[in-house]
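If you read the sequences in order, they're chains L and H.
The opening residue of the first sequence carries number 997 in my numbering; numbering runs sequentially from there.
The opening residue of the second sequence carries number 7 in my numbering; numbering runs sequentially from there.
Check the hints yourself; a few may be wrong.
[As the list claims (entries may be wrong)] Calculated lysine to aspartate or glutamate pairs in the EDC-like style (CA-CA distance at most 20 angstroms, straight line):
| hint | chain 1 | residue 1 | chain 2 | residue 2 |
| --- | --- | --- | --- | --- |
| 1 | L | Lys1159 | H | Asp26 |
| 2 | L | Lys1159 | H | Glu24 |
| 3 | H | Lys179 | H | Asp164 |
| 4 | H | Lys205 | H | Asp178 |
| 5 | H | Lys179 | H | Asp228 |
| 6 | H | Lys205 | H | Asp164 |
| 7 | L | Lys1159 | H | Asp22 |
| 8 | H | Lys205 | H | Asp155 |
| 9 | H | Lys160 | H | Asp238 |
These are computed hints drawn from the structure, not numbers from a lab.
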Amino acid sequence: MLDFLFAERRAAKIGMASPQPMASFEAIALPHLGAAYNLARWLMRNADDAEDVVQEAMLRALTYFDGFRGTNFHGWLLQIVRNTAYSSLRLNRGVRIVSLDAAPGGTDETEAAIPELPDPGDDPETALLHERDRQLLDRLLERLPVELREVVVLRELQELSYKEIAQITEAPIGTVMSRLWRGRRLLTAAAGASSAAEKTA
Amino acid sequence: MTEHCDMALLVQADFDGELDAAQAASLAAHREACPICRSTYLELQQLRERVRSEVTDHRPSTALRDRIIRQIAAAAPPAEAGVSVARPARVRAWPWRAAASFVAGAALAASVTLMVIPAGQGPILAEQVVASHIRSLEPGNQPGVISTDRHTVKPWFDGKLDYAPPVKNLADKGFPLLSGRLDYLDGRPVAALAYARAKHPINLFLWPDHGPDAAPSVSERDGYTVIHWRRDGLALWVVSDVETSELESFVRLWNASP
């Protein structure tokens, strides 16, 4: 599951043996802060929790930086961010992160998991406002199950490859593909339903 | 995307630029003949356009950036040379808002948000252990090596870890070894051994830790029992949903087994 890290570690051992100096951690880590925060923000779904997660992940990364021998610092850091976020989700909310891999074909179970559409509100005017809200896709994305949400964020927003996403989420590439597919289907279905509602309003 | 074609995941892979030229060409030929796949591709395009243009681009605040820079500076080891062998101080983030409620002065915040705790201790690690255990139970998370033979499992770790984990099969004591795999805990790759007690999975995580031996300590988390101990230069964590007494007997058997 972490083979990429070890492959890189083995490769690196042949070359440079000495750990990178601590002083360079800031220089190496800060360019990845944006991606780290973006991922944490979408996993935690609010800014405060995301900041907590990024801070803790950065400290973990700093603490273990001397053990890092890979070349893919970006993936290594995002993996730590994700693990920290998952721990926080379980710890703080009692959220049990249920695997959705039982229905790879995306049949009934997936359909049942379609995020609820935004509450249309009490009257047609309010409904119209909600539907025209530019933040519609934000809310739909936030309502995706976390395992689907993270692959959509990493692919569509952070533009990472399947391989990189598989490394960060510690899942096989086939699982990444099916999660991405189901995440996109749910978003398309929900966004399409909302647009249709808007046209008839 | 209400209709299905078996090629859907390939259409998606093509859309994401993950296919090589030959695969892409054969898929293009299929799309010519398959209206479902043509519409799938179009929907993927439309969704991407909407997501990339409408979804909020969340960026870190400068305050967060500043806090992190201060934390990195505060956690950096003293500049003296000669102690370079030492690992950096193990630091944990004090939960930010909990700290904030204690600390009125923002200037103090940077120094009090760091708490040095001994290696291998603390609720965060126990939490990680439970999370890893749960993750290992999810479908799709395949073990690295499936074997009840410790002479198969042990060599599998060669070259994958910078230490050789002891692998013991306790099948004759009622805890058969099922598989071995790599996991990532306490910021390092670790050996994970899966055992079973009746139908209950048990995960044992172990890695080098040169602290003094420590007697097993039991805790409960999310309905799982976690036992941590240190022995012969190893940190060991075992987690399961079996009865606590059974997990304790696992620990005794492990320690007693050669």
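(request) Against the earlier hints, flag every one the structure doesn't satisfy and list their numbers going up. (result) Hints 3, 5 and 6 are the ones this structure does not satisfy, whereas the remaining hints hold.
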